[in-house]
Amino acid sequence: MGHPAELISPRSPRVAAARRLARRNFRTKERRFIAEGPQAVREAVEHRGPTGAPTLIELFATVEAAERYSEIIGAALDAGARVHYASDEVLAEVSQTVTPQGLVGVCHFLDSPFEEILKAEPKLVAVLAHVRDPGNAGTVLRCADAAGADAVVLTDASVDLYNPKSVRASVGSLFHLPVAVGVPVEQAVEGLRAAGVRILAADGAGEDDLDAELDAGTMGGPSAWVFGNEAWGLPEETRALADAVVRVPIHGKAESLNLATAAAVCLYASARAQRAPGGCRSVTPS
Numbered sequence: 000m001g002h003p004a005e006l007i008s009p010r011s012p013r014v015a016a017a018r019r020l021a022r023r024n025f026r027t028k029e030r031r032f033i034a035e036g037p038q039a040v041r042e043a044v045e046h047r048g049p050t051g052a053p054t055l056i057e058l059f060a061t062v063e064a065a066e067r068y069s070e071i072i073g074a075a076l077d078a079g080a081r082v083h084y085a086s087d088e089v090l091a092e093v094s095q096t097v098t099p100q101g102l103v104g105v106c107h108f109l110d111s112p113f114e115e116i117l118k119a120e121p122k123l124v125a126v127l128a129h130v131r132d133p134g135n136a137g138t139v140l141r142c143a144d145a146a147g148a149d150a151v152v153l154t155d156a157s158v159d160l161y162n163p164k165s166v167r168a169s170v171g172s173l174f175h176l177p178v179a180v181g182v183p184v185e186q187a188v189e190g191l192r193a194a195g196v197r198i199l200a201a202d203g204a205g206e207d208d209l210d211a212e213l214d215a216g217t218m219g220g221p222s223a224w225v226f227g228n229e230a231w232g233l234p235e236e237t238r239a240l241a242d243a244v245v246r247v248p249i250h251g252k253a254e255s256l257n258l259a260t261a262a263a264v265c266l267y268a269s270a271r272a273q274r275a276p277g278g279c280r281s282v283t284p285s
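Numbering that gives the first Met the number 0 applies: residue 0 is where the sequence shown begins, and numbers increase by one.
Worth flagging that the hints you see were computed from the coordinates, not collected in a lab. Small disclaimer: the values here were computed from a predicted structure and weren't measured. Glycine included, each C-beta is placed from N, C-alpha and C at the ideal position. Mixed in with the good hints there might be a few duds.
Here are the simulated distance ranges between beta carbons [said to hold, decoys possible]: (1) Asp210 to Ala15: 31 to 37 Å; (2) Asp87 to Pro112: 37 to 43 Å; (3) Val97 to Lys28: 42 to 48 Å; (4) Pro234 to Asp77: 24 to 30 Å; (5) Glu114 to Glu45: 21 to 27 Å; (6) Ile249 to Ser8: 34 to 40 Å; (7) Glu70 to Asp155: 36 to 42 Å; (8) Pro112 to Glu29: 39 to 45 Å; (9) Glu29 to Asp77: 45 to 51 Å; (10) Ala215 to Gly195: 25 to 31 Å; (11) Asp210 to Gln95: 19 to 25 Å; (12) Asp155 to Ala215: 42 to 48 Å; (13) Pro49 to Pro12: 25 to 31 Å; (14) Pro276 to Thr27: 44 to 50 Å.
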């Protein structure tokens, strides 16, 4: 398969460059990020950017991981990525986890322009308006992918999409659907509404009940769910932008749901309504 014959040195400039990607300012400057583990690297190998160029640029692999995941190594080489054998010391240098899984990839940024998402006439979108925890951001992205959403939008008040914790928490879903970043929440709402998408703000203190929305048959059309901060939810000015502020009903004694769980419930509720007979029959908000 043409594996490199020697282990890359821990003092290599390639290792230093990958290590710097742990910092947001370097990620932004280089427009590159780290994807760790076999699942994320496999998805990165298969992903192509808007121009058709491979997303994976470079791959560091221990000898053991290269043997175990030889199909990933072969696909990376076929895609034109640089592949380096690396010691455990090097993997520890470039990895952001306590126990690296033997594969660390360097990838091009892959976010999409917000305008391109609107042109695609999305039917289901997750908008992360004030999400600050990178693990939550990645998990909501994973939920959106699983529910069949068409896109995810991270506003300028949310965490960096390419934070290593966000990438890991997405478990490869980052590579599956269009994601726009740095969009002001007002612009996101106005653009989606102009595209015929109903704006639903998820909030535990919402005036509307998710069950009631489903029973009323109001969720069959294109929808964008706006999710807020983990601790304090959505600010009033963001709630005011929505067509409805919806709460997930608590039928038991739990005080509340965490962000990712609430997002999964809301996104799947919309996905189910849209797939029902007559769902997504209109692109005009009611």
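Practice problem: Could you work out which earlier hints the structure fails to respect and list their numbers in ascending sequence? | Solution: 1, 3, 4, 6, 8, 9, 10, 11, 12
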